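A.B. asks: Build the full structure now, drawing on both the sequences and the hints.
The letter at position 15 of the sequence shown is residue 34 when you use my numbering, and the numbering goes up by one with no holes.
One should not assume that every hint holds.
[Unchecked claim] Derived CB-CB ranges, DEER-like:
id, residue 1, residue 2, range
1, Q126, D155, 13 to 21 angstroms
2, D155, S28, 27 to 35 angstroms
3, M20, T222, 19 to 27 angstroms
4, A33, Q126, 36 to 44 angstroms
5, K266, E179, 20 to 28 angstroms
6, D75, R180, 19 to 27 angstroms
7, S96, K219, 34 to 42 angstroms
8, G209, D177, 16 to 24 angstroms
9, E279, M20, 23 to 31 angstroms
10, D177, E267, 42 to 50 angstroms
11, D177, E279, 33 to 41 angstroms
12, G94, V221, 40 to 48 angstroms
13, Q126, M20, 20 to 28 angstroms
14, T222, E267, 39 to 47 angstroms
[As the list claims (entries may be wrong)] With a cut-off of at most 25 angstroms between alpha-carbon atoms, the simulated PhoX-like pairs for lysine-lysine come out as follows:
id, residue 1, residue 2
15, K234, K57
16, K57, K111
17, K219, K187
Because the hints were derived from the structure by calculation, they are not lab data.
Remember, it's a predicted structure, so these values are computed and weren't measured experimentally.
All residues carry an ideal CB built from backbone N, CA and C; glycine is no exception.
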Amino acid sequence: MKTYKQVFSELAKAKRAALIPFFVIGDPDFDTSLAIVKTAIDAGADILELGIPFSDPIADGPTIQKADIRARNSGMSVTKAREFVRKVKDYKDIPIGLLMYYNLIYQYGTKKFFSDFHKAGVNSVLVADLSVDDADEIMSPATEAGLDTVFMVTPNTDAERMKLIASKTTGFIYTVSLLGVTGSRDKVSGDVRGLVERLKEVTDVPICVGFGISKPEHAVEVAKAGADGVIIGSKIVQLIEENLGKKEKCLAEISTFVSEVRKAIERQG
Numbered sequence: 020m021k022t023y024k025q026v027f028s029e030l031a032k033a034k035r036a037a038l039i040p041f042f043v044i045g046d047p048d049f050d051t052s053l054a055i056v057k058t059a060i061d062a063g064a065d066i067l068e069l070g071i072p073f074s075d076p077i078a079d080g081p082t083i084q085k086a087d088i089r090a091r092n093s094g095m096s097v098t099k100a101r102e103f104v105r106k107v108k109d110y111k112d113i114p115i116g117l118l119m120y121y122n123l124i125y126q127y128g129t130k131k132f133f134s135d136f137h138k139a140g141v142n143s144v145l146v147a148d149l150s151v152d153d154a155d156e157i158m159s160p161a162t163e164a165g166l167d168t169v170f171m172v173t174p175n176t177d178a179e180r181m182k183l184i185a186s187k188t189t190g191f192i193y194t195v196s197l198l199g200v201t202g203s204r205d206k207v208s209g210d211v212r213g214l215v216e217r218l219k220e221v222t223d224v225p226i227c228v229g230f231g232i233s234k235p236e237h238a239v240e241v242a243k244a245g246a247d248g249v250i251i252g253s254k255i256v257q258l259i260e261e262n263l264g265k266k267e268k269c270l271a272e273i274s275t276f277v278s279e280v281r282k283a284i285e286r287q288g
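C.D. replies: Okay, here's the thing in structure tokens:
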């Protein structure tokens, strides 16, 4: 199974940041969602960030909340999400990070969850509503299962806490570019460069930036700030929402958008 370490090493030699699109698994339904993810892989995704839909996604704005509702209404469950991951890995060996909420893991059984999803092909699980102070809840079962750990840093994280988060992170640090929930923004947060610089002073763990990135030029700006990866979620999920019932148009628009972002950060490299 391809690791984050391998991908970031390859991209460091190529001198460019990783492109990491985010999707809600099962949005708007299992088969269409799988076709969308495969399209993004073909268009140039380096790593995938996948969300398992949840009823109370407190870190997410309206766009991803609606995607969660669509996926849940189509019958998506944790067990079906595991099968979804298997199918993606059968298509291509690309690193997959899950971004989700702790209740789903707890209900499934924490140890069993990490073991089963690692076997399915997952590289890491970021639990959005679990702070690093409670990391022991998941670190042992994740490590025993062979998973990397990923935790979040935000603009108001101080230096000592950054060190703590970095010390518990083996995959990459998910760096939230702004205060607030997920969602497209017109401009990249002015906090990004300073945030990446402060993190680089305390860790060598790869730093990937998400929240509010919705245009190729945003991705370039984040990469120029020194980020090792650019995570784009709401903009892509919005394209799905705008093309419900129009599968081929949806796939074409996502392919075009992901390709444009990939070309932009390649030129920047």
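A.B. asks: All hints are to be evaluated individually against the structure, with a verdict given for each.
C.D. replies: Each hint tested on the structure:
1. Q126 / D155: 13 to 21 angstroms: holds, 19 angstroms
2. D155 / S28: 27 to 35 angstroms: About 29 angstroms separates the Cβ atoms of D155 and S28, which means 27 to 35 angstroms holds.
3. M20 / T222: 19 to 27 angstroms: holds, 24 angstroms
4. A33 / Q126: 36 to 44 angstroms: Once the Cβ atoms are compared, 41 angstroms apart, the range 36 to 44 angstroms for Q126 and A33 holds.
5. K266 / E179: 20 to 28 angstroms: Cβ of K266 to Cβ of E179: about 49 angstroms, so the range 20 to 28 angstroms is violated.
6. D75 / R180: 19 to 27 angstroms: Since the Cβ atoms of D75 and R180 sit about 25 angstroms apart, the hinted range of 19 to 27 angstroms holds.
7. S96 / K219: 34 to 42 angstroms: Since S96 and K219 have Cβ atoms about 40 angstroms apart, the given range 34 to 42 angstroms holds.
8. G209 / D177: 16 to 24 angstroms: holds, 18 angstroms
9. E279 / M20: 23 to 31 angstroms: holds, 29 angstroms
10. D177 / E267: 42 to 50 angstroms: At 48 angstroms between Cβs, range holds.
11. D177 / E279: 33 to 41 angstroms: holds, 36 angstroms
12. G94 / V221: 40 to 48 angstroms: holds, 44 angstroms
13. Q126 / M20: 20 to 28 angstroms: Distance hint for Q126, M20 holds at roughly 26 angstroms.
14. T222 / E267: 39 to 47 angstroms: For T222 and E267 the Cβ distance comes to about 43 angstroms; the hint holds.
15. K234 / K57: holds, 21 angstroms
16. K57 / K111: Holds - the C-alpha atoms of K111 and K57 are around 8 angstroms apart, at most 25 angstroms.
17. K219 / K187: holds, 16 angstroms
Taken one by one, the earlier hints fail for this structure only at number 5.
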